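Taken in sequence, the protein lines are chains Z and X.
Just add 38 to the spot in the first sequence (first one is 1) and you have my numbering.
Just add 14 to the spot in the second sequence (first one is 1) and you have my numbering.
The reader is advised that the hints may include incorrect statements.
As the list claims (entries may be wrong) - FRET-style restraints, in silico, Cβ to Cβ:
| no. | chain 1 | residue 1 | chain 2 | residue 2 | range |
| --- | --- | --- | --- | --- | --- |
| 1 | X | Pro307 | Z | Ala168 | 35 to 41 Å |
| 2 | Z | His105 | X | Pro151 | 26 to 32 Å |
| 3 | X | Arg164 | Z | Ala196 | 47 to 53 Å |
| 4 | X | Thr106 | Z | Leu83 | 51 to 57 Å |
Calculated directly from the structure, the hints in this document are not laboratory data.
Small disclaimer: the values here were computed from a predicted structure and weren't measured.
Even glycine gets a Cβ: it sits at the ideal position worked out from N, Cα and C.
Single-letter residue listing:
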Amino acid sequence: MSRDAGPPFEERFLETFSNAVGVSGGEETVRAAVVEAIQDHVDSLEVDAMGSLVARIAATGRRRGPHVMLCAHMDEVGVMVTGIESDGRLRFRKVGGIDSRILVGQVFRIGKNGLRGVAGTLPPHLISRADRDKVAAIEDLYLDIGAKSREEAQGRVAVGDYATFDTTYERWGDTRKGKAFDDRAGCAVLASVVLRRPPVPVTAVWSVQEEVGLRGAAGAARRVAPDLAVVLEGTASGEAPGLAPEESAPLMGAGPALTVQDRSLMADARLVDLIERTARRRKIPTQWKRPGVGGTDAGRIALSGAGVPAAVISVPCRYIHAPAAYLDIRDARRTVALVWHLLHSLTKEWP
Amino acid sequence: MLRADERSTTEWLQHLSALPGTPGHERAAAREVEKAFSLYADRVERDRVGNVRAWIDGVGAPPRPRALLAAHMDRIGFLVKAVEPGGYLRLTELGGFDPRTLLGKEVVIHSKPPIAAVFGTRPPHLQKPGESERVLPVEELYLDSGRPEREVRRKVPVGTPVTLRQPPVSLLGGRIAAPAMDDRAGLVVLLRTLETLRQNRPAWDVIAVATVEEEFAAVCLGAKTATESLDPQLGIAIDVSHGDMPGAREGETVPLGGGPSLCVGGNIHPKVVEGLRSSARALGMTVQIEGCPMGSSTDAMDIQIAREGVPTAVIGIPCRYMHTGIETVEPRDVDHCAHLLAHYLGALPEEWRATEVLK
C-alpha cells in the first residue's frame, strides 16, 4: 500500500465552477473555467463535436494499466427564455428536472451578461381563495426584468437565452452552499484529481447535456473508447426532518456514495467491489446510494461501443436542482482520495 | 465614501430594505432609521414602544397643530417554533408570506451571531408522483442551516426571528426588487419629505414616525400608541400598494411609475384626499385613486380611531409582488410620493381642521 495520500481537493475549483453559469446546451463559461484550471496539467485537451471537454493524461513512468475514463458533467438545470411579450415580460421553460414550486419569487441571472430578472406572481391578496393552493403552471410564469415593452426587453435579452438561479458560493463550517453542485462537485473533484499525474492512463471528460437526457457523454465515450469508466457526481441526499437515516441515504458528511444500480445503469460489479475494497483499505467511509433513483452519464457510457464497465462515485448533496444546494467539504476531499487510490488499485487488480 | 445625506433615493431604498426587523424586533432597524432621520429633522426620539419619531417644527404661531406621518419599520418574517432532530427548524409566521414563494429560498436566522439557512426542498429525483402539485403550507416547510444539531440547539433558541436573505436586485428602468420594500420604501418617503420640509417649513408641526408592529396582530401597536401620545390633528400613512402585474384584474392594482396612489373609503377622510389631489394638480403630478371598501390595512386603520378620532389619508407606493422576496418598486414613485406629501403639508393653513362646528 502506498503512503501517498493523493492530491488535495481544490476548493477554489468548486467555488469558481459553482458560481459559473452553464445550463444544458450552454456550458461554455463552465468549460472555460475548467480549461483554465487544468490546462497546464494535462497532455492533450480537446472540445468534442457536442462541446464536451476531453483531456488526456499519460500514466507515470512505465506502469501499465487499463485506460480509465473519468467523467463529470458541466451542465446544470435552469430555464430558457422562450418568448418576449409585448409588455416586456419574458416567457420561459425549464431545462432539466425542476420542481415548479421553487421557481416563483426567485431571482435569476439571464444570458451572458447576467441580467437580473425575477419570477413574478400575483400576491395571495389578489387571487381567488381556490387558486391560492394551486401550484402555478410553468406556462403562466414569467420573468420580470423591469422592461416596460418588448422593444426595451429585446435590447437586453433574446429568445434562447439561458437563465439560472442567482446564488453565490459560501462556506458555513464544513458545509458548502452553492448552486449546481450537481455536478460542479464532480467537475471540481475531477479537476483536482488530474492535477497530479496518475498511475494509469486517464482521459478526463467534462461532459455537456447530462440533465437533458445524458446526451453529451455518448459521443465522448465513443471518442475516448476507455477500458472502464468512473462517473463523478453530486448526488441527491434525501435527508429531511422526520425521516429515518435508511430512508434518507446517502447522508451528507458520511462519505462518498457508491451506486449499485440506478434508472440508467447496473454498475459493473467487479468495479464496484474494487472501489469498496479500496475505500476500506484506505479507511475512507462510504455509503450506498439507494438503488432505483436517478440516472447518470454512466448509463450512456456503459452502452458505448462494445460496452464499458462503469461505476459512479458521488458527493452527497442536499437540495440539488434547487437554488441553493449543500455539500460537506469532507465528502469532497474523501471522494478525491477514493478516486486517486482507485487508480492505484487498477494498476494491480484490473481486469 | 458617500456621505449619508448624499444618498440617492435608490441608495436609501437599498440601504433600508436590507435591515432586519420582524415585528417586535425592530431595534437594529430603528438605530439606522434614527441616523437617517437625524440628517434632516430638528429632533429625533425613540418612544416607549420603540417607534422612531422625527420632528420638524412649524412656523405657525404656537400652539401649532400637528400632522403625524407614519411608515412602518417592521417587515414580515418568521419566528423559530421548534428545533427538530437533525437540527432542522420549524417556523411560525409574522405577517403573511405567500407560501408558494418560499421553497428553496435563503434566510437569515437572527441568532447571535446571525446564521444563514435555506428552506429545504425535495429533489425531483426523490419525489413521489404528484408531490410537486401540492403547495406546502408554512407548517410543513423547514429550514436547514447545514450545521450540526448540537450547534443549532446552542445558537438558535425558540423564538429567534428569521427574515428572507435576498440582497436588493436592480432591474431595468431603475426598478428595485427586495424583500422588505413593504414598508422600507415608505421610510424613504418620510426621509425625503423631511428633507424638503426642513427647507420649506410648514405652518404645522410635522412628526414623521417610523412605527413598530404594523405587520403583527389586528392592532398596529406603533401607530396606535404614537397617535395617543402625540395628539395629532391629521394622520397620513405611507405604505405600499399593489402594483400592476400580469394577470391582475383591472382596478385591483396601480401601475408602477404611475405616481402615488391615494386610498379612498371609510378609512380615509375625504377632505384630506381632496387636499392631496389639489397639491398633485399644482405639481402637475398624476395620482391614482384606489378604492379601499374595507379599510386600507395600514397604520391609518389605528391612527383613525385613536383618541377622539383623527382625519387620515394613505399615500401608496406602487409595489409589485407584495409579501414575497422580490417586492418591486420604482424609485421615481417614491420621490413623487415625497413631493406630494411635502407640498400638501406646506400648503396646510394653520387653522385647517377636519372637525366642523355646525351651530
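Here is what the structure says about each hint:
1. X:Pro307 to Z:Ala168: 35 to 41 Å: For alanine 168 of chain Z against proline 307 of chain X, whose Cβ atoms are near 22 Å apart, the range 35 to 41 Å is violated.
2. Z:His105 to X:Pro151: 26 to 32 Å: Given a distance of about 54 Å, which is not inside 26 to 32 Å, the answer is violated.
3. X:Arg164 to Z:Ala196: 47 to 53 Å: holds, 51 Å
4. X:Thr106 to Z:Leu83: 51 to 57 Å: holds, 55 Å
Comparing the model with each numbered hint stated earlier shows that hints 1 and 2 do not hold.
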